[in-house]
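Novice: Residue strings, one per chain:
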Amino acid sequence: MNAESRQVPLVFKSKTSGRIPRGLTFAAVFLIALMLVIIVTNIFLGGFRTVDWTFLTHAPENGMESGGIFPAIFGTVAMVILMVIAVVPIGVLTAVYLHEYTRPDSLITRLIRVAINNLAGVPSIVFGLFGLGFFVGFVGSGLDSMFYDSPRPVWGQPAIVWASLTLALLTLPVVIVSTEEALRVIPRELREASYALGATKLQTIIRIVIPQALPGILTGAILGVSRGAGEVAPIMFTGAAYYLPHLPSSLHDQFMVLGYHVYIMATQSPNMEVTRPILYGTVLVLLALTILLNVVAILIRSRLRSRRAYA
Amino acid sequence: MSGYHFKPKSRIREFVGEKLIAANALVALAAIALIFLFIFKEAIPIFADPQVQKEASVSRMTVKQEFYAGREPKWSWQPNSEVPKYSLVPLFIGTFKAALVAMLFAIPLGVGAAIYSSEFAPARLREIIKPVIELLAAIPSVVLGFFALIVLASWLQNAFGLTYRLNALNAGLALGITVIPVVYTVAEDAMTAVPRSLRDAATALGANPWQVSFTMVLPAALPGIAAGVVLGFGRAIGETMIVLMASGNAAIVSGSLTDSIRTFSATVAAEMAEVVFGSPHYNVLFFIGTLLFVLTFLINLSGDFILLRLRERIQGRTK
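If you're matching them up, the sequences are chains A and B in order.
Just so we're aligned: the first sequence equals residues 1 to 311 in my numbering.
Just so we're aligned: the second sequence equals residues 312 to 630 in my numbering.
Watch out, some of these pointers could steer you wrong.
[Claimed, not checked] Pairwise CB distance ranges, derived in the manner of DEER restraints: (1) B:Ile355 <-> A:Gly142: 17 to 25 Å; (2) A:Ile81 <-> B:Gly566: 41 to 49 Å; (3) A:Leu244 <-> B:Glu438: 54 to 62 Å.
[Claimed, not checked] Derived lysine to aspartate or glutamate pairs resembling DMTMM-like cross-links, with alpha carbons at most 20 Å apart: (4) B:Lys441 <-> B:Asp500; (5) A:Lys201 <-> B:Glu377; (6) B:Lys330 <-> A:Asp52; (7) B:Lys365 <-> B:Glu377; (8) B:Lys441 <-> A:Glu100; (9) A:Lys201 <-> B:Glu325; (10) B:Lys365 <-> B:Glu325.
Calculated from the structure, these hints are not laboratory results.
Note that CB positions come from ideal geometry on N, CA and C, so glycine has one too.
Make the full structure from the sequences, and use the hints.
Specialist: Below, the structure is given as structure tokens:
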């Protein structure tokens, strides 16, 4: 449909005020905000009595019926740290390549962009299958057969490193998109000034472009962490465990994680009435973590944008 | 700026650096290819291994089967029964019932909110709406699944007197909450991208603001809204934790939205942990994974294609 071919009334006669469409569309916004408020309030009211220092720093006891969630918090933090170590360098360099080295209409750029967009749309459970088939089954078992001579698998089993790497792939598009947005804001004059001082392209990227893009990279990393910390489907076959007596001590250990803890407690608890406060408390911790991370990311980005407005 | 002192140029470093960065950029491309390869690889026996095909061939997964002599043929997903039944039809129905509810819920809200924030909202309110939607998108799906399972299901059951607490309606509504941000973001982007000149032209012809929106902006941005809906649908099909927790997970062939359902994604999530490695069941679960991957891939590709065309058209016009 073209603008040229469309019939536009030449004179707008009816002077309806537009109150109805305005009101209806506002109602949509209102309902969405209301849903957010209801969900957050419900979880806050259900969980805030449970969440205290003891809850955050102690291990579960009596088959999850008392005690805290420290191992799940520890596992979640360890997992996202490993994930960030993997995803940030790859994501940043991909964005740099797309923005600094190639023209936007070249074939390779377009292919990579299609891949990034589609990676963002791959269902999370498919990432889980991939993590199991590739990282655990192929890479892990491959390492075992090359370097170890034990009947029991060392790397070829679900482990925190495989869960983190699976999540790194899942969050890669988040980091790339965020970094690219930051790269676009950097004025061209800055790069040209660097060249004028005799810097090469690589020197300019490492010492001028990337430092300038740091807030955007940070935003991407934070959003990635927020996303990764809440995902369950990709890690349920690649390393997460419901209950472990010990904290993970090496890369090939299994680990407890908040999201998976919520899933198991909510669906497989034999005594729901007893575990409900702990369940609500765990959900509140997870939700508070993701919302906090997102608020920080939103604030950093809005500062970044206002800087562009005055640049 | 005395701090900047550049060492003499090294061509080798320059070259190696560029190649390393380029190699990095291929990770995303390689990931997509590897994901397909490694998931499809485990589904191949369904097409190649006669032993596996005895239990799970493509026709056994799609056509009604007579599992016991003399009984009426039916579609059935019972992988752990004595006679394993791998019909994908109940799962297909479940997946689409949940997605249907999600879309019916999310399209009016997502598109409506997009129209309000791009056409009517005062600038300051718009600065609030966007973060609110971002926060909604940030809620982990396991938290939404928890909410639908513990809270929403009881509300719906009490309100409508439903027989099954966990059903397509319950899962679909929770699923809709994850779809709204997708529809909103894409639709809002498309509407704000409509060039000013178009709005000005309509205003010059005597249209008031909402007439400008509905006769000019909305029709011009329609492909973008459609793309938002398409991408949202892709999201609804692939989402796992919500349907796993809130749908009841019963593979029933029925048209009712208040019956329990079992979706493709939830089936993989629920059964993968206990399946025997290399069994027909294992192959079927990877086949479902392949289906999900291919389906969402095509959906995302067509959504992106619509957006690309729209962008070219709008930019072409303003030049």
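Novice: Please go over all the hints and tell whether each is borne out by the structure.
Specialist: Hint check results:
1. The hinted window of 17 to 25 Å between B:Ile355 and A:Gly142 holds, with their beta carbons roughly 20 Å apart.
2. Between A:Ile81 and B:Gly566 the beta carbon distance is about 48 Å. The supplied range of 41 to 49 Å therefore holds.
3. Roughly 45 Å separates the CB atoms of A:Leu244 and B:Glu438, a value that falls outside the hinted 54 to 62 Å.
4. Taken as a hint, the B:Lys441 and B:Asp500 pair is honoured in the structure, with Cα atoms around 11 Å apart against an allowance of 20 Å.
5. Distance hint between A:Lys201 and B:Glu377 is unfulfilled; the C-alpha atoms sit about 69 Å from each other, more than 20 Å.
6. Between B:Lys330 and A:Asp52, the direct Cα distance comes to roughly 51 Å. Violation of the 20 Å bound is thereby established for this hinted pair.
7. Simply put, B:Lys365 and B:Glu377 have alpha-carbon atoms about 14 Å apart, close enough for the 20 Å limit, and the pair holds.
8. For the given pair, B:Lys441 sits about 29 Å from A:Glu100 by alpha-carbon distance, which is inconsistent with the 20 Å threshold.
9. Of the pairs offered as hints, the one joining A:Lys201 and B:Glu325 holds, with about 8 Å between alpha carbons and a cut-off of 20 Å not exceeded.
10. Under the criterion of a C-alpha separation no larger than 20 Å, the hint pairing B:Lys365 with B:Glu325 is inconsistent with the structure, at around 58 Å.
Violation of the numbered hints given earlier is confined to hints 3, 5, 6, 8 and 10; the remaining hints are satisfied by the structure.
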